[in-house]
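Residue strings, one per chain:
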Amino acid sequence: MSTTTTTTTSPPPPGALARFFGGDVWYSFRRTPTAMLAAAIAFVCVFCAVFAPWVAPHNPFDLATLNLSDGRLPPAWQEGGQMRFLLGTDDQGRDILSAIMYGARISLLVGLASVLLSMVVGVGLGLLAGFVGGRIDAFIMRVCDVMLSFPAILVALLIDGVGRAIFPNAHESLAFGVLIIAISLSGWVQYARTVRGSTLVERNKEYVQAARVIGVSPLRIMRKHVLPNVMGPVMVLATIQVAAAILTEATLSFLGVGVPPTSPSLGTLIRIGNDFLFSGEWWITIFPGAMLVLIALSVNLLGDWLRDALNPRLR
Amino acid sequence: MSALKSAPLLEVRHLRVEFPTRQGTLLALDDISFEIAPGEVLGVVGESGAGKSLTGAAIIGLLEPPGRIAGGEILLEGQRIDNLPYEQMRAIRGRRIGAIFQDPLTSLNPLYTIGRQLTETIQTHLPVGAEEARQRAIRLLQETGIQAAEQRFEQYPHQFSGGMRQRVVIALALAAEPKLIVADEPTTALDVSIQAQIIALLKRLCKEHGAAVMLVTHDMGVIAETCDRVAVLYAGRVAEIGPVHEVINQPSHPYTVGLMGSIPAMDEDRPRLLQIDGAMPRLNAIPAGCAFNPRCPQVFDRCRRERPDLMPARATQAACWLVGQGHAP
Amino acid sequence: MLAFIVRRLIQAIVVMLTVGFIAFMLFQYVGDPVTNLLGQDATQEQRDLLRKDLGLDQPFPVQFARFVGNAVQGEFGLSLRQGRKVSALIADRFPATFELALVAAVIALVVGIPLGVYAALRRGTMLSQSMMTLSLLGVSLPTFLIGILLILLFSVTLKWLPSFGRGDVIALGSWSTGMLTVDGWKHLVMPAVTLSVFQLALILRLVRAEMLEVLRTDYIKFARARGLSNRAVHFGHALKNTLVPVITITGLQLGGLIAFAIITETVFQWPGMGLLFIQAVQFADIPVMAAYLCLISLVFVVINLAVDLLYFLVDPRLRIERPTGGGH
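Chain order of the listed sequences is A, B and C.
Note that the first sequence covers residues 1 to 315 in our numbering.
Note that the second sequence covers residues 1001 to 1329 in our numbering.
Note that the third sequence covers residues 2001 to 2328 in our numbering.
For reference, chain A alone in the conformation it holds in the complex (with noise of 0.2 Å):
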């Protein structure tokens, strides 16, 4: 005996790809031109760096195909420019576009690097402050305090500078691992309050402290609870921090204490052309510098849309 039971089925919830694309962040995206140019130029820019030996027209790096005569050639749409060093080459016959490519990798490379390590070591001890409370979380914002008071940049010559003393000779691969926490060190902090402000919010309320009388791991409550609702302004803070990590690399490598110089960044670029300028082959430092602002504005750009469209008040 069959039985035929109705049954009114409801369609699936959306999956959390729809639901992004149907939320209020995306219409908003859609609806700010300067955010969809930034993301346009940003996503080109990561393009160009992430597959640089691929896309770049010279490896600059590769000793064997430069030649010397090619050295000091003006960019292609000036008189004496070739087609084939589209922005000029430098005075070892490196060209500038590769060059600017490979260069751009170096410095997504340590600033994305820099921002992951800061975003884990603050938030981690922003749950914990917020969390634990105490005396950890007294301790803890004191050196925050203390740190917000100086500026990035000294920390971080500070740290890469005893780098440099306590590790002399090891340099090349010690450099960067130097570099990149010298960085993430210097902005840490930011992340650290918002998630401690979150935490002390969350912590008070009602489910969490009944998921610990039933007693629910501190841990899990963290990860499943306190996180979700602080990523968004997380995710504001690492992108304007992407941008300044992506500055404050390219100036200590300026000031000649960033990566090495065997793996050349932006600011190293721009370090190299400025001996240049004065003998007129400007293009040396100014097509570096001018890539190392494309990147930096956009992803402000981004930063600040992004902050607009997730505050509550502004909707």
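Mixed in with the good hints, there may be bad ones.
To be verified - Calculated lysine-lysine pairs in the DSS-like style (CA-CA distance at most 27 Å, straight line):
{"id": "1", "chain 1": "A", "residue 1": "K224", "chain 2": "A", "residue 2": "K205"}
{"id": "2", "chain 1": "B", "residue 1": "K1203", "chain 2": "B", "residue 2": "K1179"}
{"id": "3", "chain 1": "B", "residue 1": "K1207", "chain 2": "B", "residue 2": "K1179"}
{"id": "4", "chain 1": "C", "residue 1": "K2221", "chain 2": "B", "residue 2": "K1207"}
{"id": "5", "chain 1": "C", "residue 1": "K2221", "chain 2": "B", "residue 2": "K1203"}
{"id": "6", "chain 1": "B", "residue 1": "K1179", "chain 2": "C", "residue 2": "K2221"}
{"id": "7", "chain 1": "C", "residue 1": "K2240", "chain 2": "C", "residue 2": "K2221"}
Bear in mind the hints are in silico, worked out from the structure with no lab data behind them.
For this one, chain A is given, so just place chains B and C on it according to the hints.
Showing chains B and C alone in chain A's frame:
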């Protein structure tokens, strides 16, 4: 229904206020009309979101953009004020129309002494010197019941309690001797024990200074105590308007009936509070015809099709087809 | 009020001690402290003598106390790179950095605050939108790039301004100033502008954001409802309330100028403390780094204190003595 013996102080005619939003234009006030006679206290009552505060804001010309007046007229002593340029309206604000807002904690600038805020207001509108302004200010403070007014003159807002701050706010509103005061929920943020004092003070002072009051509130008790007439707002429209005792004791509009019925009374013995089913519609979902029709216990066909205007009822005016057809409840 | 000052002073001392501790650790454990103090070329005899003198065999707290005692007097030993006394080096360079930072601060404030106010009051207009975009550019351009661009324009192309050094300086006692000569000013202009751009952009955005917040408050609404003139509302009420929180943040930012000067001095070869510090970092010259660290901390701490006091003076809400203490 009462024929006004003198020319009305304030006339609001068919006022419409709309808000362009990204989901379309929302009509927050839809054809509101009423009058206030000189020296009269008109209560404007309704639920949150009915449009009471917006009416007040429109009258004093401080609608927050993107809100704007989309139609109708507002006349003060026979002169149109809704279409005045900013500078002319500014001369009217404070001098001819005063305003009191809800939260005394945030209404006063924390960085200036209240004395300075008072004299500044006085000297903006009245051609008096600094010393005279000071004297006036101190007098005003004394009138509002603030002790040791001379010392208090030099103090900052954070040194006053909530009730006292609202007294200062009232003094500030009356400083330039306006003819009309728009009071937007003046006691909602205060302790219950202070509320009565402040309301009594407001009524007394306005009477003494000869100012009419438009008292916006959701508290019927305050209305009953203080007002001469009352307008009941629902979903951006006037549901009923009339002398306060008539509206309370002989309401004609079913919404007003429900409103009065839901107030617990000391002299009645009722097992349950009367409730109106449903909720006031959102601005983007106002039903056709009479806005109240989905919740009305006496709804009939015409209610759903045609929107009723204010019509004379027994003792008041009500926007209801029941009244029009003589089917009074 | 007194309790407040005392509390802040204690905090300041704690911070200084912490910084001093870090500097001390640098001295002791990074490199050789004896070399740090005597320089590279000392003889073995001198070293042994100093080791005994320094009491390097003494317990840790004693050594630290000694270090602090020395530091307070400005004694940091000899520079590893140059062999001169660190204190002398820094004293030499301080006026240059100070003047640079001062002019940059003035520029940032005098231009940033009014523009920020304008951008808030005339929100939505073309001019204010472009100001916001330019200020975004200001924080996206690294300081050194701004310097390079200015040099490219004014020194290389137009040949109007010099691109390095301080120019003619006049000595007033032990202070050498470049602000009394035209040539000195010609040299000062570009570095000062370069240094000010980032701060200017930040101040502009901050003032604008703060003012927009203030313009939304109830007391501003009430002021308008009382019929006060636009001038009174905007500049009498709104501006004053805006500037109060802006003061704190701005004060702290300006302290950062002295540190940011590092970059500007490098680009323009400006003979200040920043350049000294960079050379120290490149060379791992610990004594100079430690001294610079302590000095900068001192500057920050002093600025923080001054800002707190200023805040106290300006905001009447903080002046009431409360038994529980602490502000809002």
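Now the hints, each set against the structure:
no.: 1; hint: K224(A) with K205(A); verdict: holds, 14 Å
no.: 2; hint: K1203(B) with K1179(B); verdict: holds, 14 Å
no.: 3; hint: K1207(B) with K1179(B); verdict: holds, 11 Å
no.: 4; hint: K2221(C) with K1207(B); verdict: holds, 26 Å
no.: 5; hint: K2221(C) with K1203(B); verdict: holds, 23 Å
no.: 6; hint: K1179(B) with K2221(C); verdict: holds, 20 Å
no.: 7; hint: K2240(C) with K2221(C); verdict: holds, 15 Å
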